[in-house]
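Given the structure of chain A, go ahead and fit chain B onto it with the hints provided.
Number of protein chains: 2
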Amino acid sequence: MQLHILGCHSASPSPTAHPTAQVLTIRNHQFLIDCGEGTQVRMRLNKIKFTRIKHIFISHLHGDHFYGLIGFISTQCLLQRETELHIYGPKGIKEIILLQLKLANTYTSYPLYFHELSSDEPEVIFEDEQVIVSTIPLVHRVYTNGFLFQEKLGERKLNIEVAQQYPIDPVYYNSAKQGKDIKLDDGRVIDNKKLTFPPDKPLAYAFCSDTAFQPEMATQIAKVDLLYHESTFLEEHEDLCEVTKHSTAKQAGIIAQKANAGRLILGHYSSRYKKLERFQQEAREVFENVELAISGKVFEVG
Amino acid sequence: MQLHILGCHSASPSPTAHPTAQVLTIRNHQFLIDCGEGTQVRMRLNKIKFTRIKHIFISHLHGDHFYGLIGFISTQCLLQRETELHIYGPKGIKEIILLQLKLANTYTSYPLYFHELSSDEPEVIFEDEQVIVSTIPLVHRVYTNGFLFQEKLGERKLNIEVAQQYPIDPVYYNSAKQGKDIKLDDGRVIDNKKLTFPPDKPLAYAFCSDTAFQPEMATQIAKVDLLYHESTFLEEHEDLCEVTKHSTAKQAGIIAQKANAGRLILGHYSSRYKKLERFQQEAREVFENVELAISGKVFEVG
Numbered sequence: 000m001q002l003h004i005l006g007c008h009s010a011s012p013s014p015t016a017h018p019t020a021q022v023l024t025i026r027n028h029q030f031l032i033d034c035g036e037g038t039q040v041r042m043r044l045n046k047i048k049f050t051r052i053k054h055i056f057i058s059h060l061h062g063d064h065f066y067g068l069i070g071f072i073s074t075q076c077l078l079q080r081e082t083e084l085h086i087y088g089p090k091g092i093k094e095i096i097l098l099q100l101k102l103a104n105t106y107t108s109y110p111l112y113f114h115e116l117s118s119d120e121p122e123v124i125f126e127d128e129q130v131i132v133s134t135i136p137l138v139h140r141v142y143t144n145g146f147l148f149q150e151k152l153g154e155r156k157l158n159i160e161v162a163q164q165y166p167i168d169p170v171y172y173n174s175a176k177q178g179k180d181i182k183l184d185d186g187r188v189i190d191n192k193k194l195t196f197p198p199d200k201p202l203a204y205a206f207c208s209d210t211a212f213q214p215e216m217a218t219q220i221a222k223v224d225l226l227y228h229e230s231t232f233l234e235e236h237e238d239l240c241e242v243t244k245h246s247t248a249k250q251a252g253i254i255a256q257k258a259n260a261g262r263l264i265l266g267h268y269s270s271r272y273k274k275l276e277r278f279q280q281e282a283r284e285v286f287e288n289v290e291l292a293i294s295g296k297v298f299e300v301g
Numbered sequence: 000m001q002l003h004i005l006g007c008h009s010a011s012p013s014p015t016a017h018p019t020a021q022v023l024t025i026r027n028h029q030f031l032i033d034c035g036e037g038t039q040v041r042m043r044l045n046k047i048k049f050t051r052i053k054h055i056f057i058s059h060l061h062g063d064h065f066y067g068l069i070g071f072i073s074t075q076c077l078l079q080r081e082t083e084l085h086i087y088g089p090k091g092i093k094e095i096i097l098l099q100l101k102l103a104n105t106y107t108s109y110p111l112y113f114h115e116l117s118s119d120e121p122e123v124i125f126e127d128e129q130v131i132v133s134t135i136p137l138v139h140r141v142y143t144n145g146f147l148f149q150e151k152l153g154e155r156k157l158n159i160e161v162a163q164q165y166p167i168d169p170v171y172y173n174s175a176k177q178g179k180d181i182k183l184d185d186g187r188v189i190d191n192k193k194l195t196f197p198p199d200k201p202l203a204y205a206f207c208s209d210t211a212f213q214p215e216m217a218t219q220i221a222k223v224d225l226l227y228h229e230s231t232f233l234e235e236h237e238d239l240c241e242v243t244k245h246s247t248a249k250q251a252g253i254i255a256q257k258a259n260a261g262r263l264i265l266g267h268y269s270s271r272y273k274k275l276e277r278f279q280q281e282a283r284e285v286f287e288n289v290e291l292a293i294s295g296k297v298f299e300v301g
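So the protein sequences, as listed, match chains A and B. Per numbering that gives the first Met the number 0, the first sequence runs over residues 0 to 301. Per numbering that gives the first Met the number 0, the second sequence runs over residues 0 to 301.
The following block holds chain A by itself, in its conformation from the complex (with noise of 0.2 Å):
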């Protein structure tokens, strides 16, 4: 599993601090979260090939999380992309998006689905085979979610060397794979635990950004491999963020220690701080493994 940060900068955005933008490569997907204005040039930049992104993940429908999207979407269409594109995000931004498309008189060459939300408890938005997408309801100015995205168990792998002791057809493997035990022709029976070692331990992440301090939402992301949790704020404007639905870098912390996160990663620093380094220091107080979202940073996982 791989995070590839994008943009991590409130608000505004510069030369140098780009909006809310992101890419997980979990299983065979890669999955795009929050889209900033200039996202697709962030995307060239960072050698994200478009038509590997088939689900978007929207957060809320202020700009510094979405403006690009529209222009994502229409640069598809100048691409000619075929591919199907999947659009998750708060209710209205279909009709944003259409609306655009219409008085532009474009029609995209692709197939392009919106699946808008609504509901103020978390719900599964997509799941295959791989993997898991759920919604966390956060707390804003404007109607929020953040995305717990989990890997769903994996096939157990082949133990090659003892499967090949046995005159086991290889046709079986993915049986043995499937936790299958495998009967023989002389009419033994292979335990599977013989033949495979169990799977990998499946991955999860949490995305939490724009949110209020919400210490119950780390139920919800219990044991996450890695959580990025928005910090607009330093402890000293920790006033700021009741008006404005904010985190401190301490909150966030608390969250992943509450959360018994694997590692935590800080974003959405307001533009007022022009060094980054108190935010790691701050959170540290409370969560040790602590690393700050730069624009371009990719952070692997296990």
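Treat each hint with caution, since some may be false.
Claimed, not checked - Below, a list of computed lysine-lysine pairs in the BS3-like style, where the Cα atoms sit at most 27 Å apart:
id	chain 1	residue 1	chain 2	residue 2
1	A	Lys90	B	Lys193
2	B	Lys182	B	Lys193
3	B	Lys90	A	Lys93
Hints are computed from structural coordinates only; laboratory data are not their basis.
Quick look at chain B alone, frame taken from chain A:
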């Protein structure tokens, strides 16, 4: 008069090809013309002060000409702008912007006015004592206007050396600048032409993008000092002009020649061309004074 190119490529933005946006400084105004994705960052890089922009002219609702507008408008909210902002653009632009502000639960801290355009005839859309702005109806795949920016004839200029030879109270200098003869206390009348020089020749700039080749526009933009005319294609791809409703560099040259323009600036290059010199060469076959728009370049006139 000064034209500052912020972006001049067509279609999808890339790290080196920025979509259309330019700032015209004319008399006491700075007008923003078109606002492709990323324009606010281009403005910061080019040190354009946001609050100096009070009027934004949008040619048409294709993304490479206006997807940066909502970001610019939102950033003005975050910066707590108080100065009014006027948007001139095709019918529908108000609905797009207001829908996005509504769904972001955002209110502008400043007066925001929309002037929606729908006429197929040239019309005056802005006028004050200094400047007049008219639409130039263009032919494109969607409703599109170019814009003609004209300085008004200014005041006559006082010949201070001559004026001081007469017993004229300086409070009458303004009357002289407005073309009036001055009557002295002893009854003599001083002819205005003795006291003043003629005003500077008023300058004019025509922005024509995007458009199919449309020679009849030459009448409306006759004798402009500066003409920006799109040149999406070179002659080898002239066949693409008909379906896309764009022009070649040579066609832009023909317009400049027919209009007897002072200078032609080419832009809106298709991203298929890596080198731009041929645009200049092909336009120069019909019109001598041709320059290439380049992001960040400033053209001075007058």
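Here is how each hint holds up against the structure:
1. A/Lys90 <-> B/Lys193: violated (71 Å)
2. B/Lys182 <-> B/Lys193: With Cα atoms ~13 Å apart, B/Lys182 and B/Lys193 stay inside 27 Å; holds.
3. B/Lys90 <-> A/Lys93: Given that 27 Å is the threshold and the Cα spacing comes to 20 Å, the pair holds.
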